[in-house]
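*Asks:* The chain contents come next:
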Amino acid sequence: METRNVMIVGVGGQGSLLASKLLGRLLMDAGLDVKVSEVHGMSQRGGSVVTYVRYGDKVYSPVIDKGEADIIVSFELLEAARWLEWLKPGGRVVTNIQQIDPMPVITGAAEYPEALVDKMKAEGFEVDALDCLKLAEEAGSSKAVNIVLMGRLSHYFDQSREDWMKAMEAIVPAKFIEMNKKAFELGFEA
Amino acid sequence: MKELMLGNKAFARGLYEAGCCFVSSYPGTPSTEITEEAVKYDEIYCEWAPNEKVAMEAAFGASLAGRRSFCGMKHVGLNVAADPLYTMSYTGVNGGVIIGVADDPGMHSSQNEQDSRHHAIASKVPLLEPSDSAESLEFVKIAYDLSEEYDTPVIIKMCTRVAHSQSLVEKSDRVLPERKAYEKNIPKYVMMPGNAIRRHPFVEERTRKLREWAETAPINRIEKGGKELGIITSSTCYQYVKEALGDKASVLKLGMLNPLPEKLIKDFAATVDRLVVVEELDPIIEQHCLALGLKVEGKSLFPMEGEFSQNLIRKALGVEEASGKPLDEKIPVRPPVMCAGCPHRGLFYTLNKNKCTVLGDIGCYTLGAVAPLSAMEMTLCMGASLSAIHGFNIAGEGENEHKTVAVIGDSTFMHSGMTGLANIAYNQSNSTVIILDNSITGMTGHQQNPTTGLNIKGDPAGKIDLEALCRAMGFKRVTVVDPYDLAECDRVVKEELAADEPSVIISRRPCALLKNVKHNAPLKVNTEKCIGCKSCMRIGCPAISIKNGKAHVDNTLCVGCGVCSQLCPVGAFE
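Chains as they are written, first to last, in my numbering: chain V, 4 to 193; chain H, 669 to 1242.
Misleading hints may appear alongside valid ones.
Think about it this way: if two alpha-carbon atoms lie no more than 30 Å apart in a straight line, the pair counts; the simulated DSS-like pairs of lysine-lysine are [to be verified]:
1. K708(H) to K1021(H)
2. K61(V) to K1215(H)
3. K69(V) to K184(V)
4. K916(H) to K146(V)
5. K1218(H) to K137(V)
6. K1021(H) to K178(V)
7. K146(V) to K983(H)
8. K1021(H) to K124(V)
9. K61(V) to K670(H)
10. K916(H) to K69(V)
From the derived model, a few chain H residues whose C-beta atoms are all more than 12 Å from chain V [said to hold, decoys possible]:
11. A790
12. Y818
13. E846
14. A849
15. T904
16. D996
17. A1211
Across the chosen pairs, the derived CB separations fall in these ranges [claimed, not checked]:
18. K178(V) to K1192(H): 25 to 33 Å
19. K178(V) to Y850(H): 32 to 40 Å
20. N1223(H) to D161(V): 38 to 46 Å
Honestly, the hints are just simulated from the structure, not real lab data.
Treat the numbers as computed from the prediction; the structure is a model and nothing was measured.
Think of the CB as a built atom: it goes at the ideal place given N, C-alpha and C, for glycine as much as any other residue.
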């Protein structure tokens, strides 16, 4: 198969690491070549963070360039908007509608743009937006936002529900597995 | 079975499989995880050293004792360790020695963008450069064999995109070579002039032999494609080239970057119409080609700065780029910030309020330079704050002292701050030094250091007493302050700046992200009381914002440190 590109974007500390781990495991188990790339360090301190996941028969570059992403998965609304240019024509955005003010907004030097989901749709982007924080809390922990998003994302993957569950069992500690399965279901059904 | 592995983790796996027994490193992004992963193997002794020079010398000692050893660091760490490197090149090794160094093109988390290949060339030490996780593992084994066969330390150069990308690797079992006996050998290991003079020709001969090895080594390989274009490349650039050009170009993929082959490159050049070198940072392969008299393009097409990508290569070589469409909207930037509850915040607020000139250092606290705290005016390299304040105060002829402070973290102080402090103690400038003791190496993701009392595994270890150390150097004024207590911070900073002798303030409070740190309940704003004066906004806390004209606390971020409530004139934080 041709290489497919998924970008996971968000704010440092939001838990994108587990999401990329889950995706990596899922795709490796499917017998595909996989590369996952992220940057650690300074950018994790509440800054804008991005993880690239690429998979296919043979993957070379670990990064995704402008105009190459099939899907952008976003933990935070502004971050979805920030990375839109990386989306392929006809690509899709799957985003949490949670808003986290960046420092320039907090200090009043800039404003958080309004109605971003509507604006993205108006410009022709395919946007799948959901309140992951609410669903995560419903599942039992605000930390499960990442798994809620993965549940939603699974609509756009060929892998079966069983494949996803198997990958989850391989990377999530046993004591959190039931909560995470519920989070996945809630995201899937949303 | 294949496993998806971070480049740095695969490197550590390579150390394990190749029978490495001793690891000494100093953390530095993007190299840190090599050592953090190596410590998970009980068969390998691992430690955090106070700095990279100590780490490299410890690894040398372990090599003398006959074991395969490793030291890891980021690119700027190799500058600190340059002294042992250049002479270890002469002594050679007993057990194999690998130096892992990670460059950071694009400066995701660094103060400069230097190219470590220069150090390899200047020190005449071989350098290998993997392009993905599988090679990171494989090259470790090759490097140990080269190290022992050619009697040399070997550098393996990582970069951010190889170190911090995951790709598939195949694991195998550990093979532990027998410990080589240590034999007294004064002409080889005592580098005084009479002996070093005899070792230098050995080094030159070794480079000649290694170049011969490079001519046919499987890690320098040709991938045949179109003959119109031939690319010489290495590391992550190889991946970008393949992504951008596929089989359109022929590629010479180099795994060994020092010494570079001559015949192999000339032969490759002869098979293609146009020769292009694709390398990040400096034109090292390109200059080598020019020295061979080849017609080659490189930096005339590609930048000296930053990371490359497939689009960058497509654009430079006239292939159609991928492109997307941005949203027509002003998107505010999201720079990194000090975390909610960061103990550095109260101290930097105090320094800003007192209009101090702040000479800074390397760590999370470098974020003290960012608005609204804006309380740092200089950051150069590890330890420079303490050395620089001394020169700044003396050459300032009285204008700078009493208002200038140097700030340095606990780990950075142990790394290379102590010698700067010794200079102040010895040559007696009237300098005010603040050690920001958050009881951990924060920026690189929580590594222990000699002041924390714990070793790399989190087990009890020796603990250096900062107050006693400063007093032993001769400082009479050593004060400890809690940075969450703004009034006390203000009093102590004013008092120590006013003093007519050198002094040390230790601002002590553990990093708020440490697991063992207990947090208070998040604060709430009583909107009846809040007058919307924004006094609380002066500390740049990511948990506080203004909603409908009143302060608002994000309870998922707030750790209840209470610094904001000390700024509120009406007691609205509850």
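*Asks:* Does each hint hold? Answer for all of them.
*Replies:* Evaluated hints:
The suggested pairing of K708(H) with K1021(H) is violated, with an alpha-carbon distance near 46 Å, which exceeds 30 Å. Restraint check for K61(V) and K1215(H): not satisfied, since their Cα atoms lie roughly 49 Å apart, outside the 30 Å limit. With a CA separation close to 33 Å, the supplied pair K69(V) and K184(V) exceeds the 30 Å bound. With a C-alpha separation of about 46 Å, the suggested pair K916(H) and K146(V) falls outside the 30 Å cut-off, and the hint is violated.
Taken as a hint, the K1218(H) and K137(V) pair is honoured in the structure, with Cα atoms around 25 Å apart against an allowance of 30 Å. Under the criterion of a C-alpha separation no larger than 30 Å, the hint pairing K1021(H) with K178(V) is inconsistent with the structure, at around 48 Å. Restraint check for K146(V) and K983(H): the C-alpha separation of about 41 Å exceeds 30 Å, so the hint is violated. Only pairs whose Cα atoms come within 30 Å are accepted, and K1021(H) paired with K124(V) is rejected, the gap being roughly 46 Å.
Restraint check for K61(V) and K670(H): the C-alpha separation of about 15 Å stays at or below 30 Å, so the hint holds. Of the supplied pair hints, the one linking K916(H) and K69(V) holds, its CA atoms being roughly 22 Å apart against a limit of 30 Å. Residue-level check passed: A790(H) sits 27 Å from the nearest beta carbon of chain V, beyond 12 Å. Every C-beta of chain V lies more than 12 Å from that of Y818(H), the closest at about 32 Å, which supports listing it as non-interface.
The beta carbon of E846(H) is kept farther than 12 Å from every beta carbon of chain V, the shortest such distance being approximately 37 Å. For A849(H), the non-interface assignment is confirmed: its Cβ lies about 41 Å from the closest Cβ of chain V, beyond the 12 Å cut-off. The beta carbon of T904(H) is not kept farther than 12 Å from every beta carbon of chain V, the shortest such distance being approximately 7 Å. In this structure D996(H) is not separated from chain V by more than 12 Å, as the shortest Cβ-Cβ distance comes to only about 7 Å.
Once the 12 Å rule is applied to beta carbons, A1211(H) is inconsistent with being away from chain V; the minimum gap is 9 Å. For the pair K178(V) and K1192(H), the beta carbons lie near 31 Å from each other, so the given range of 25 to 33 Å is met. At roughly 49 Å, the beta carbons of K178(V) and Y850(H) sit outside the given window of 32 to 40 Å. Take N1223(H) and D161(V): their Cβ atoms lie about 40 Å apart, and the range 38 to 46 Å holds.
Violated hints, listed in ascending order, are 1, 2, 3, 4, 6, 7, 8, 15, 16, 17, 19; each of the other numbered hints is respected by the structure.
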